[in-house]
Amino acid sequence: MFLSKRCPLIRSYGAIRFNAKAKVSSEWQAFGSFYFMIAQVKFNELEGGSMLTTNIAWDNALSWSWENAINALEATLCKVSSSIAKFHRLAPPTLILSSHNIPSKVARDLAVNRALQMIKQNNSKLTKVVLARTNASKGVLGAVSQV
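Here the sequence shown is numbered in the UniProt record's numbering, starting from 1 and rising by one per residue.
Heads up, some of the hints might be wrong.
Claimed, not checked - In silico DMTMM-like links for lysine to aspartate or glutamate, alpha-carbon gap of 20 Å or less: (1) 105 x 45; (2) 42 x 74; (3) 128 x 109; (4) 120 x 109; (5) 138 x 47; (6) 5 x 109; (7) 79 x 67; (8) 138 x 45; (9) 105 x 47.
Just so you know, the hints here were simulated from the structure itself, not pulled from any lab data.
Using the sequences provided together with the hints, build the complete structure.
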């Protein structure tokens, strides 16, 4: 409802049950056959930097006013900032030496396109693909960065 091609950094997260015809397991009963959400606050890692983003949605017709949305965001940001402050006091200084996604964006895009081509074939047994990605980082705990 609030997604737009003009805002490519807004992502929805969620899942669909693998077999919608099977009996609903206990962990899915609260969600039905699927569950998707948009993060209110998200930390985005980009090439050459990072950014903290927020998503604000309101609709006075649905009884969720701009003021409600801002108050909810402020409450979340207070929780996040107090957690970061606690973490900063507890965590030793760390220097990140390298960080990369596995698979890379290029490799992931190729795999997705290959899977979509297989799904589109008339007699394909492939109907669904589960994608996963991880990040590998190397760092030094207790490091002091010098400028």
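**OP:** Kindly indicate which numbered hints from before are broken by the structure, ordering the numbers from low to high.
**Re:** Of the numbered hints given earlier, the structure breaks none, since each of them holds.
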